[in-house]
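With the hints as extra help, turn the sequences into a complete structure.
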Amino acid sequence: MTTSQGAYAPAPGAAPIGRMLLAQTAFETKMLLRNGEQLLLTVIIPTVLLVLFSSVDVVSVTGPGNRVDFLAPGLLALAVMSTAFTGQAIATGFERRYGVLKRLGASPLPRWALLTAKTGCVLVTEALQVTLLSVIALALGWSPHGNPLTVVALLVLGTAAFSGLGLLMAGTLRAEATLAGANLVFILLLLAGGVIVPLTKFPSAVRGALELLPISALSDGLRSVLQTGAGVPWSDLATLAVWAVLGLAAAARFFRWE
Amino acid sequence: MQSEPPAVEVAGLVKRYGAKVAVDGLDLVIARGSVTAVLGPNGAGKTTTIETCEGYRRPDAGTVRVLGLDPVADSQRLRPRIGVMLQSGGVYAGARAVEMLRHTAKLHADPLDVDALVERLGLGSCGRTTYRRLSGGQQQRLALAMAVVGRPELVFLDEPTAGLDPQARRATWDLVRDLRRDGVTVVVTTHYMDEAEQLADAVAIVDHGRVIASGSPEELCRGGAESSLHFAGPAGLDLGSLAKVLPDGAAAVELSPGSYRVQAPMDPRLVATVTTWCADAGVLPEKLTVQRRSLEDVFLELTGRELRS
Chain A
1 MTTSQGAYAP
11 APGAAPIGRM
21 LLAQTAFETK
31 MLLRNGEQLL
41 LTVIIPTVLL
51 VLFSSVDVVS
61 VTGPGNRVDF
71 LAPGLLALAV
81 MSTAFTGQAI
91 ATGFERRYGV
101 LKRLGASPLP
111 RWALLTAKTG
121 CVLVTEALQV
131 TLLSVIALAL
141 GWSPHGNPLT
151 VVALLVLGTA
161 AFSGLGLLMA
171 GTLRAEATLA
181 GANLVFILLL
191 LAGGVIVPLT
201 KFPSAVRGAL
211 ELLPISALSD
221 GLRSVLQTGA
231 GVPWSDLATL
241 AVWAVLGLAA
251 AARFFRWE
Chain B
1 MQSEPPAVEV
11 AGLVKRYGAK
21 VAVDGLDLVI
31 ARGSVTAVLG
41 PNGAGKTTTI
51 ETCEGYRRPD
61 AGTVRVLGLD
71 PVADSQRLRP
81 RIGVMLQSGG
91 VYAGARAVEM
101 LRHTAKLHAD
111 PLDVDALVER
121 LGLGSCGRTT
131 YRRLSGGQQQ
141 RLALAMAVVG
151 RPELVFLDEP
161 TAGLDPQARR
171 ATWDLVRDLR
181 RDGVTVVVTT
191 HYMDEAEQLA
201 DAVAIVDHGR
211 VIASGSPEEL
221 CRGGAESSLH
231 FAGPAGLDLG
241 SLAKVLPDGA
251 AAVELSPGSY
261 RVQAPMDPRL
271 VATVTTWCAD
281 AGVLPEKLTV
291 QRRSLEDVFL
301 ELTGRELRS
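In order, the protein sequence lines correspond to chains A and B. Just so you know, the first sequence maps onto residues 1 to 258 in this note's numbering. Just so you know, the second sequence maps onto residues 1 to 309 in this note's numbering.
Hints listed in this document are in silico derivations from the structure and should not be mistaken for laboratory results. Be aware that a few hints might be false.
Stated by the list, open to error - Looking from chain B toward chain A, a few residues come up when the C-beta cut is under 10 Å (computed): (1) A73; (2) Q76; (3) G89; (4) Y92; (5) E99; (6) A105; (7) D113; (8) G127; (9) T130; (10) R132; (11) A143; (12) R151; (13) P152; (14) L179; (15) G249.
Stated by the list, open to error - Chain B residues, not near chain A, derived (Cβ > 10 Å throughout): (16) A61; (17) P80; (18) A95; (19) L134; (20) V148; (21) G150; (22) I212; (23) G240; (24) R261; (25) A264; (26) A281; (27) V283; (28) R293.
Claimed, not checked - Facing chain A, according to a computed beta carbon distance under 7 Å, are these residues of chain B, among others: (29) K20; (30) R77; (31) D110.
Heads up, the beta-carbon is just placed ideally off N, CA and C, and yes, glycines get one too.
Take a look at the structure:
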């Protein structure tokens, strides 16, 4: 089969940057939502943990209000970690392994735009997660307090911190190692980062170190605002900011595209 | 008036990976509007050279200009103008063929009609199958489609027909011919000599990181032992008597029992000489053929016949 003369005549050019960004963000989000393992991690696990531990008395909670008032902020933090860190690390690791990042490197899409699109994809997914978890938590009797803007600031800084760490892992390790490592870190931080188990349950020697983890800062910060209606948790924000700067700088420095 | 720079201009390119020298002073000029085949054994430096032109590798020495631009420093200006087909991969594991192609098209200002390209390369039948479950041939055709969908001026195809069935190979060749007809420059690496003979205006044979021969397929096949005459007959014919009637510089050998080859500058008279000798000997020459020196012969002469590790 042939085509009429001139059908392939060169007419090269990049699409407008806004169109590329939108297209790439939409495509990345579509790929993520289609991936069953990713959905398990980002949607099903946080939802199941929220429902289970709110209704069954197996973990001892602290602070005022119902069980759900303690658990909902922790699971919002977990949702951020699952998408920005674990999910993004695994997806990007395999994109690197299968030459997707390499091939995109020869397309008109600039690298910064690819990373912006990845961030956009993470934020869209998080918005869906936060909405879903909030609706379920409210149905379970959650009564959130505090300033919503402080909550947004915590979520955004937490996303930046986890994205830097996730991309650092994806850009330096083999895809299989990233898959195993990102899942392991997810489990460890789920248990030892104040998500469902209060950090006060840990011996004070380790507790000081655990409090410096990004997941602890995020869950503690969200809890102080949402559960007790406290003001801006500056020290948690500062911890997250340090992780974000270190993680993103290291990722920018060490990320290998092939 | 300054003339347009060549599509590709590589001078003295050196690229090392640790202690290993992958490309060792390679020179290559590719004219606009041509189809150029880059041939060479595995590990000769073909892919490294192509990937340097695509901006993936920074030269250790030498200069590379693609459409007059530096592929690393001017990457952002160059990339919209070139199409790239990697040797493998490049597609999200969970993406379907048509949606991936449609997405690639969206990154370009004035892409080809996706439906027509899907139809032409037979990608419509891939349906909802995700990339990792497509056959090797379907994956190759998708990568080819992604390389051309942005209407590039210059296309790099790294082993585009490796592992394809004959129909898909021909579909790929037809597309390359149409690209050339419409003024697109095509650079293709391949292990298939017939592919180079069929498609290429120019051939560059690369070995040990250098271009060791270049020219049109006709130019490369000319010269040397130009062609040969083969026939079959009874085993153990007395070739000494044949040698006496052949012109100087001709050589007759029995390749295997009953299979003969005469190497000489071939002309009708030489064929008559051989068949007359056969008639005098009472031999019917079966499977009588005259063969031109092929690109494969040239390639093997230049790069050796032994296996490469």
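Results for each hint:
Interface restraint check for A73/B: the shortest CB-CB distance to chain A comes to about 14 Å, outside 10 Å, so the restraint is violated. Restraint check, Q76/B versus chain A: the minimum CB separation of about 6 Å is within 10 Å; hint holds. Among the interface hints, the one on G89/B holds; its C-beta lies about 3 Å from the nearest C-beta in chain A, closer than the 10 Å criterion. Checking Y92/B against chain A: minimum C-beta separation of about 5 Å stays under 10 Å; hint holds.
Because the smallest distance between the Cβ of E99/B and any Cβ of chain A comes to about 8 Å, under 10 Å, the interface hint for this residue holds. Taking 10 Å as the C-beta contact cut-off toward chain A, the hint placing A105/B at the interface holds, the least distance being around 9 Å. For D113/B, the shortest C-beta to C-beta distance to chain A is roughly 9 Å, which falls under 10 Å, so the interface hint holds. The interface hint given for G127/B is violated, since its Cβ lies 15 Å from the closest Cβ of chain A, which is over the 10 Å cut-off.
A distance limit of 10 Å between C-beta atoms decides the matter here; for T130/B the minimum to chain A is near 8 Å, and the interface restraint holds. Interface hint status for R132/B: upheld, as the beta-carbon distance to the closest one in chain A is roughly 8 Å, under 10 Å. With its C-beta approaching chain A no nearer than about 8 Å, A143/B sits inside the 10 Å limit, and its interface hint holds. Nearest Cβ of chain A to the Cβ of R151/B: about 4 Å, under the 10 Å cut. The hint holds.
Restraint check, P152/B versus chain A: the minimum CB separation of about 5 Å is within 10 Å; hint holds. For L179/B, the interface hint holds, since its Cβ comes within 10 Å of a Cβ in chain A; the closest pair sits about 5 Å apart. Because the smallest distance between the Cβ of G249/B and any Cβ of chain A comes to about 45 Å, over 10 Å, the interface hint for this residue is violated. With 10 Å as the threshold on Cβ separation, the claim that A61/B sits away from chain A holds: the shortest Cβ distance comes to roughly 22 Å.
Chain A draws P80/B into its interface by the beta-carbon criterion, the shortest separation being 4 Å against a cut-off of 10 Å. At roughly 6 Å, the least C-beta separation between A95/B and chain A is not larger than 10 Å, which violates its mark as non-interface. The Cβ of L134/B lies farther than 10 Å from every Cβ of chain A, with a closest approach of about 13 Å, so its non-interface assignment holds. A cut-off of 10 Å between C-beta atoms contradicts the statement that V148/B is not in contact with chain A; the least separation is 7 Å.
Here G150/B does not stay apart from chain A, with its beta-carbon only about 6 Å from theirs, under the 10 Å limit. Taking the minimum C-beta to C-beta distance to chain A, about 28 Å, the non-interface status of I212/B holds against the 10 Å cut. The Cβ of G240/B sits about 55 Å from the closest Cβ of chain A, beyond the 10 Å cut-off, so the non-interface label holds. Interface exclusion of R261/B from chain A stands, the closest Cβ pair being 40 Å apart, more than 10 Å.
Under the 10 Å C-beta cut-off, the non-interface status given to A264/B relative to chain A holds; the minimum distance is some 41 Å. Here A281/B stays apart from chain A, with its beta-carbon at least about 51 Å from theirs, past the 10 Å limit. Chain A leaves V283/B outside its interface by the beta-carbon criterion, the shortest separation being 48 Å against a cut-off of 10 Å. Consistency note on R293/B: stated as away from chain A, and its beta-carbon is indeed over 10 Å from all of that chain's, at 31 Å minimum.
Contact between K20/B and chain A, as hinted, is not supported at the beta carbon level, the nearest pair being about 17 Å apart and thus beyond 7 Å. Checking R77/B against chain A by beta carbon gives a least distance of about 9 Å; that is not within 7 Å, so the hint is violated. Checking D110/B against chain A by beta carbon gives a least distance of about 4 Å; that is within 7 Å, so the hint holds.
In the structure shown, a violation is registered for the earlier hints numbered 1, 8, 15, 17, 18, 20, 21, 29 and 30, in ascending order.
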